[in-house]
Every structure is written in C-alpha cells, then in structure tokens.
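S.K.: If you want the building blocks of each chain, they are given just below.
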Amino acid sequence: MSEQRIIAHFEIPYRACLDGDGAPLGPLPAWVEDGELLRRMYRAMVRARAFDTKAVNLQRTGKLGTYPSCLGHEATHVGVGAAMRPDDVLFTVYREIGTKFWRGVDMLDVLLYWGGDERGTLYQRSPQDFPFCVPIGSQMPHAAGAALAMQIRDQRRCALAFIGDGGTSQGAFYEAINFAGVKSLPLVCVIVNNRWAISVPVAAQTAAATLAQKAIAAGIPALQIDGNDLLVVREAVGEAVERARGGGGPTVIEALTYRLSDHTTSDDATRYRSAEEVAAARRLEPIARTRSFLQSRALWDEADEQALKAACSEEVDAAVKQYLATPKQSTDAMFDFLYAQLTPTLRAQREEARRYAALGH
Amino acid sequence: MAKMTMVEAINMAHAWEMAHDPSVVVLGEDVGTNGGVFRATVGLQQRFGKARVQDTPLAEGLIAGTAIGMAAQGLKPVAEIQFMGFIYPALDQIASHMARLRNRTRGRLSCPVVLRMPHGGGIHAPEHHSESLEALLCHHPGLRVVCPSSPARAYGLLLAAIRDPDPVMFLEPVRLYRFARQEVQDDGQALAIGCCFVLREGSDLTIVTWGAMTVDSLKAAEQLAADGVSCEVIDAGTLAPIDFDTILDSVVKTGRLLIVHEAPRTCGLGAEIAATVSEQALYDLLAPIRRVAGYDTVMPLYRLEHDYIPGVARIVDAIRATLAE
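So the sequences go chain by chain: A and B. In terms of this note's numbering, the first sequence has 844 at position 152, counting the first letter as 1, and numbering is strictly consecutive. In terms of this note's numbering, the second sequence has 29 at position 27, counting the first letter as 1, and numbering is strictly consecutive.
Honestly, I wouldn't trust all of these hints.
To be verified - Residues from chain A that keep clear of chain B, each with C-beta distances beyond 12 angstroms, as calculated:
#1 Arg697
#2 Tyr706
#3 Glu725
#4 Val748
#5 Met832
#6 Pro833
#7 Arg849
#8 Leu879
#9 Pro893
#10 Leu952
#11 Gln998
#12 Leu1038
#13 Leu1051
Unchecked claim - Computed footprint of chain A on chain B; a stretch qualifies when at least three of its residues, placed anywhere within it, have a C-beta under 8 angstroms from a C-beta of chain A:
#14 39 to 46
#15 89 to 103
#16 107 to 114
Said to hold, decoys possible - Not close to chain B: a few residues of chain A, all C-beta gaps over 10 angstroms, as computed:
#17 Pro716
#18 Val781
#19 Ala836
#20 Ala909
#21 Arg935
#22 His955
#23 Arg983
#24 Ala1025
#25 Pro1036
#26 Thr1037
Since the hints were made in silico from the structure, they are not lab data. All C-beta atoms, glycine included, are put in the ideal place defined by N, C-alpha and C.
Okay, chain A solo, but in the shape it has when bound (with noise of 0.2 angstroms):
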C-alpha cells in the first residue's frame, strides 16, 4: 500500500448535569438560579406525568383509544419546551406532550386526538406548530421545510423536531439532517433514544455506538446527552436553538432516557424485556431526581408537592370532564376539511353521509 492514513476523526460528546440522585456533578448553568423557572419545569413534569397516568386509565376503562404514554421522557420533553420560544416551531412525534403542553396545547386537545378527534389539533396557543406524526420519521423533513422558510425569510427563528431512537433507521431522518447540513438550517433534531422501538432493543436497530454519530455523516454537530436530567437538556437544546436562530446551522441531540411504559396501551412490553431491566431504569427516571435536586436547594418542600399533586389532579379531572362532554363531530367533518373548498364529488358524498347519519350510524 503506497498511501494510509487518517483522513478524519470524529468524537460525540456526552453532557450531564446532574447524578443518578439529582446530585450536581460540577458547575451548573448560569440559568439554573432561576429558581422559579426551575419550580416550573418541574411542576410541568409532573403535571404532564399526572395527565399521562390518568390518559392510560382511561384507555384501560374504554374512554380513550390507543394511547403512547410519556412515563419516564419528562425531563426530555419538559427540557426542550424550556429551551424553545414561543414562535420557533415544533415537531414531534406521538409521544411528546410535555413539550406540547409546555407551548400551550390543552389536556383536551390530547385526549381529543387520542380519543379519535381531529379537533385535538387545533393548538390555539401554538397555532405553527404540527400535529402528532404517526409514520415514523416522516416528520423530519417538515421541519427542515419549515427552517428553509425561516432561512430565507431571514427570521431568527428555528424548528425542532423530536425523533426516536427507531425513527433515526428511516430515511426521511438522515434525508433531512443532510439537507440541513448542506444549507446551514435553523434546525435541531432531538433523538429521544428511550431504548426500545416497540420490542426492538437500539442494539438491533443499529451497529452505530450511538445515535448521534448519525449526524456525522451529515456533516453537522452531534452530542449525546443525560435525557433524564431536566438541567443538561435545557441546557443543551438551549444551546442548539440559539445557535440554530443566530444562523450558526443544525444540531442533533441524542437524549438518553427509558420508556418505563408500555410502548402504547395496545403493548405489553413484558413480552419482551425484563422486570430487572425496568427496576434499573426506574431508579433513574427523572421526576424524583429533580425534585431531589429542588428540594438540595430548598426550591420545594412536601407541601409543594401536595399543592401541586392536588391542582394537578383537579386539572386533569376537569379536562377529562370536557373531554367526555365533548360531542363527536358531525359526519360534514369528514369532509369539509380536505379542500379549501369542497368538490362536487365530496358535497354528494357529505350528503349520502348526513342522511346515514341521521338513521344512526
């Protein structure tokens, strides 16, 4: 061999704030002495935590249809809602509500979507952003579409869109962050690496040691981050948006956490990981270990924690109430929504509809 050598090197930077307990590992953000931002978020943790327990319980009694739950993403999704403002634009995926109701979408406008309603994408607090994306991945390239307009309207603003660990084999992800390397996008993508897609473990999802090495390929800054600890994921999306908004180009983070769930309420993940494995991550997930770190720094207390459990039961139980209230649309919705205006064809088709309908079906 007339020539051998090196010609790149690449390395993916691991961040945490906080330890296993919520113990700081060394200097914190200047951010995190805002201590009433901090009581924040974590009352947002646990009121998405107090929906998400409630929203399984109602599947489990017939009143919600399939439902993905959120158990043990909180400081991911809470994280990345913090980081965010208000006219930078959302992505997710299904499962991502703590962001969501961080940006203003109602309990009702979820248990509307979950409950087989179209009206539980209307957002009116967050009017830009997309709704919950079911094809796995496909949400990727929205979001670059939707830094391109920022970039050439030359807004300071960015997208974020949410993947998962499964959603990073799809083409539609690497298609997507390659776009945003080559224009420089106003893009963060945030891997919620939770370990499981479905019953495939990340092992059998890749060769890669990590999710966030995808972004090398892609020629843009990668990280891998503590998921679970609420301080290193504002910290570090906070990082990324600004940059993103500044024009400084797309960044992917891979958040490390675990789906303590079910994969949804039609899973049973007993099938295929163990009660050791569960007990383990368990003892890691998020909530306790913020409220550790708030309590370290005398930012809460028992009756915090009672008040807040108590309003966010109320809360709850009130959209619950709402949501059962709430009529199922009338057969036009199926149609009145698919054009600006309504074809010939769909305005016979609304009528056949409406005259079934009234014979009760």
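For chain A, the structure is supplied; the task is to place chain B on it using the hints.
M.R.: Using the frame of chain A, we list chain B on its own:
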C-alpha cells in the same frame, strides 16, 4: 405574442408568478444552475436568486416533505420531481402528509404546494423515466391532479396550480414538452382547475383523454371525420377532482364513450370514468363504454415504447367498434 413550446410556457408561468408573488419558491434536483433536466426552470435562479430557486439533495421524499414544512410556514413551494417514475419515495410524504395536513388540523395548517413532474413516455428515455402514474395520485383524497395538453393550457393551469390553496400534482406530458409551438400570452391569466377542455366538438362519440394522448385522439377523430364520423374530443385537464358534468353532458349528447389513456388499463382512471358514466348515464348510452389504454405491462424499454403507448390505429379501431355496436 410569442410562439413557444410547452416547456417554455411552463418556464414563463413560473417567472410570472415569482415576479408577482414573493412567497413562491422553486425547489428540486438540478432546478437551479442547470434549469431542470428539461429546462423548465431555466434562468429562474439567475433572475430570482438562490434563496427562491433551491437545488436540493437527490431525495424525492425530502423534496416533497420539505415543501410541506415550507408551505405550512406560508411559502408557496413549486417543487420538481425529475421524472414521474421517481415519485415512489415521495408517496409517503404526498399521501400521509401533503394530502392530509388541512384535514388533520381542521384547516389550521394547509399545503399550497405544487409538485411538477414529467409524465408518460415516448421520448426514448431510460428505464423508469416514462411512467404514467396518475391513478396513484387520484386515489388520494386531498390532492388535485392536473395534466395540461398544450403550451397555453400548461401556462394557465400552472398559474392556477400555484395559486391553489391545496396541493396540486402537476403532470407534464414529456412528449408534448417540445411537440408544437403555440402563441401564449404572458398575461398572468390562470385557467380554472377542475374543468375539462372540449378540444373538438362532435355528435357520434365522446373521447375522454388527457395529456399526450389528446394528440393521438384528435388525429383519430380527424381521420374518421373523412368517413363522416363525428367525434367529440375532451381533454380532462384536471384528473382530480374530475369535471364529470362536462363529460356526462357530452355522453348524453353523443351516446357513446371512449376513454383513452397511456397508463395501464387495470384500475386506471378510465375505469373510474367508465363506472361513473355507467352509474349516471347508462340509459343514454347507445353502446358499451370502451377503453383504449396502455397494456397491463411494465412500461417497456424504449424500443417497444410506441408499441405500448396507444396509437391512432387502436383508437380508430375502438371508435369503429363502438359505432358498430
């Protein structure tokens, strides 16, 4: 008024709308410096800049998906898929998102996107460059599918497509790109989407066709006129939603219907037209509805492509057979 080819008229429509609407953005493979492989976007990047004419990486799903995100942000993307045979990777984005975004958000978000793509064969192109896949698109609620058949109709329909508030699949017949020159006024006047064009009036039989098959259908009608047969030739123009009023009126008048398309017969759009006319005008028919369509084969490599594409002879025979019933 300038005489021009269809591809020049398409270019002119882009330029008009980009000059008059700053939210129109062109994207696709090779659309910038190169001006598109058929030159449909030639000169646009030089005139309107790189921000408004974006060369994308080679990924059709990305092009369609990116257009969705841009449209939801208020831009009007006009994206080129280089050949219709390459649409398959984009179908997930088209079917799962582009066609549905308005519906699934109850009108909160919408997708005013145009996806342009060369349609059909007949230009000795390589494998996968000559497909007629309109039925795949027409099957998806939420899309409009448009297929012009002359330079002037391409100009007017493309303007309408860009101005449409919903996603429009714009199918450009490759055989017609440089087939004939026609005077086209650059006046920004759009044609209506959802309306047929009656290309030739007649009283004995109605031919419904679209795209490049309009040329062969008109030739067949002309040939039979010498024998005293009067054919009405209708260019469907918009394939979804299709203008059944015009088609039904014509069938009621002539009593006979022949549908001509280049795409394979089975589950082709002709089947839908035949079924609808049967449902709504069966007793006005004097003869069974016939279809002249591509065979139910893979589009062959180009030595056989003109044996695959229905020609004048097959159309003439089908007209004679219908009249002989």
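S.K.: Indicate, hint by hint, whether the structure satisfies it.
M.R.: Hints, verified against the model:
1. With a closest Cβ-Cβ approach of about 29 angstroms to chain B, Arg697(A) is found to remain outside the 12 angstroms limit, as its non-interface label requires.
2. Taking the minimum C-beta to C-beta distance to chain B, about 30 angstroms, the non-interface status of Tyr706(A) holds against the 12 angstroms cut.
3. For Glu725(A), the shortest C-beta to C-beta distance to chain B comes to about 36 angstroms, beyond the 12 angstroms cut-off, and the non-interface label holds.
4. For Val748(A), the condition that its CB be more than 12 angstroms from all CB atoms of chain B holds, with the nearest at approximately 24 angstroms.
5. Not every Cβ of chain B is farther than 12 angstroms from the Cβ of Met832(A); the closest lies at roughly 7 angstroms, contradicting the non-interface assignment.
6. Not every C-beta of chain B lies more than 12 angstroms from that of Pro833(A), the closest at about 2 angstroms, which undercuts listing it as non-interface.
7. The non-interface label for Arg849(A) is inconsistent with chain B: the shortest C-beta to C-beta separation is roughly 9 angstroms, within 12 angstroms.
8. Not every beta carbon of chain B lies more than 12 angstroms from that of Leu879(A), the smallest distance being close to 10 angstroms; the non-interface claim is violated.
9. With a least beta-carbon separation of about 25 angstroms from chain B, Pro893(A) lies farther than 12 angstroms from that chain, consistent with its non-interface assignment.
10. Distance check for Leu952(A) against chain B: the nearest CB is about 29 angstroms away, which clears 12 angstroms, and the non-interface claim stands.
11. Chain B leaves Gln998(A) outside its interface by the beta-carbon criterion, the shortest separation being 38 angstroms against a cut-off of 12 angstroms.
12. Its beta-carbon lying about 8 angstroms from the closest one in chain B, Leu1038(A) breaks the requirement of being farther than 12 angstroms from that chain.
13. At the 12 angstroms boundary, the C-beta of Leu1051(A) stays outside the reach of chain B, the nearest C-beta of that chain being 22 angstroms off.
14. Given as covered by chain A, the stretch 39 to 46 of chain B fails the check, having 0 residues with a CB less than 8 angstroms from a CB of that chain where 3 are the minimum.
15. Evaluation of the coverage hint for the stretch 89 to 103 of chain B: fulfilled, as 5 residues show C-beta separations to chain A shorter than 8 angstroms, against a requirement of three.
16. Coverage of the stretch 107 to 114 of chain B by chain A holds [criterion: at least 3 residues with CB-CB distance below 8 angstroms; count 6].
17. With 10 angstroms as the threshold on Cβ separation, the claim that Pro716(A) sits away from chain B holds: the shortest Cβ distance comes to roughly 39 angstroms.
18. Separation of Val781(A) from chain B is inadequate, the least Cβ-Cβ distance of about 7 angstroms not exceeding the 10 angstroms criterion.
19. At roughly 5 angstroms, the least C-beta separation between Ala836(A) and chain B is not larger than 10 angstroms, which violates its mark as non-interface.
20. Remark: the non-interface label on Ala909(A) is consistent with the geometry, its nearest Cβ contact in chain B lying 13 angstroms away (cut-off 10 angstroms).
21. Remark: the non-interface label on Arg935(A) is consistent with the geometry, its nearest Cβ contact in chain B lying 20 angstroms away (cut-off 10 angstroms).
22. The beta carbon of His955(A) sits about 20 angstroms from the closest Cβ of chain B, which is more than 10 angstroms, so the claim that it is off the interface holds.
23. Residue placement check: Arg983(A) keeps its beta carbon more than 10 angstroms from all beta carbons of chain B (closest about 36 angstroms).
24. With a least CB separation of 8 angstroms from chain B, Ala1025(A) falls inside the 10 angstroms interface cut-off, contrary to its annotation.
25. Consistency note on Pro1036(A): stated as away from chain B, yet its beta-carbon is not over 10 angstroms from all of that chain's, at 7 angstroms minimum.
26. The Cβ of Thr1037(A) sits about 6 angstroms from the closest Cβ of chain B, inside the 10 angstroms cut-off, so the non-interface label is violated.
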